[in-house]
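Work the whole structure out from these sequences, hints included.
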Amino acid sequence: MGFPVRYYCPHCETIVELERDGYLADKAVTPYPFAGWEYATPSESIEDGDGVVFHCGEDGTAVDGDGCGERFYLSFVRFENGVEIDPRKPSEHVQIGNDTTPPSPRGPDGFSGGGFW
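Position 44 (the sequence shown) corresponds to 44 in the UniProt record's numbering; numbering is contiguous.
Hints should not be assumed to be uniformly reliable.
[Unchecked claim] Derived Cβ-Cβ restraints for the label pairs, each shown as a range:
hint, residue 1, residue 2, range
1, Ile15, Asn81, 30 to 40 Å
2, Asp64, Gly22, 20 to 30 Å
3, Ile15, Thr41, 10 to 20 Å
[What the hints assert, rightly or not] Listed below are the simulated SDA-like cross-link pairs for lysine to any residue, each with C-alpha atoms no more than 20 Å apart in a straight line:
hint, residue 1, residue 2
4, Lys27, Pro10
5, Lys27, Glu13
6, Lys27, Tyr7
7, Lys27, Ala40
8, Lys27, Ser45
9, Lys27, Val5
10, Lys27, Gly2
11, Lys27, Ile15
I should point out that these hints are in silico values taken from the structure, not numbers from a laboratory. Keep in mind the model is a prediction, meaning the values are calculated, not measured. A virtual CB, placed ideally from N, CA and C, is assigned to each residue, including glycine.
Dropping the structure here:
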């Protein structure tokens, strides 16, 4: 059984309402989507996605005001391998280069290394 939950549009502060199940945990409401998240519209099955994309005032969810027509995003909490995903951090760690330090260029006096004598 679902219940109504209200959110503010981050663009114009219009209040929108969404009927949803209580087991879904909200992560954030943002004016932009999180990379890698899949969003459903309020009329679709939101339980299968990672969040909901609203068109403020255009999808029948506005309960306070006319809305601005801008998109905004409700993102749910996501887990991978039992660990909560932080959408602000990259999912992969990339190492650039190797562990060796390249030699310093030779200076005009033939010595290598940085610094002044």
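Evaluation of the provided hints:
{"no.": "1", "hint": "Ile15 - Asn81: 30 to 40 Å", "in the structure": "holds, 36 Å"}
{"no.": "2", "hint": "Asp64 - Gly22: 20 to 30 Å", "in the structure": "holds, 23 Å"}
{"no.": "3", "hint": "Ile15 - Thr41: 10 to 20 Å", "in the structure": "holds, 18 Å"}
{"no.": "4", "hint": "Lys27 - Pro10", "in the structure": "holds, 15 Å"}
{"no.": "5", "hint": "Lys27 - Glu13", "in the structure": "holds, 18 Å"}
{"no.": "6", "hint": "Lys27 - Tyr7", "in the structure": "holds, 12 Å"}
{"no.": "7", "hint": "Lys27 - Ala40", "in the structure": "holds, 15 Å"}
{"no.": "8", "hint": "Lys27 - Ser45", "in the structure": "holds, 18 Å"}
{"no.": "9", "hint": "Lys27 - Val5", "in the structure": "holds, 14 Å"}
{"no.": "10", "hint": "Lys27 - Gly2", "in the structure": "holds, 18 Å"}
{"no.": "11", "hint": "Lys27 - Ile15", "in the structure": "holds, 18 Å"}
Consistency with the previously given hints is maintained throughout, with no hint failing.
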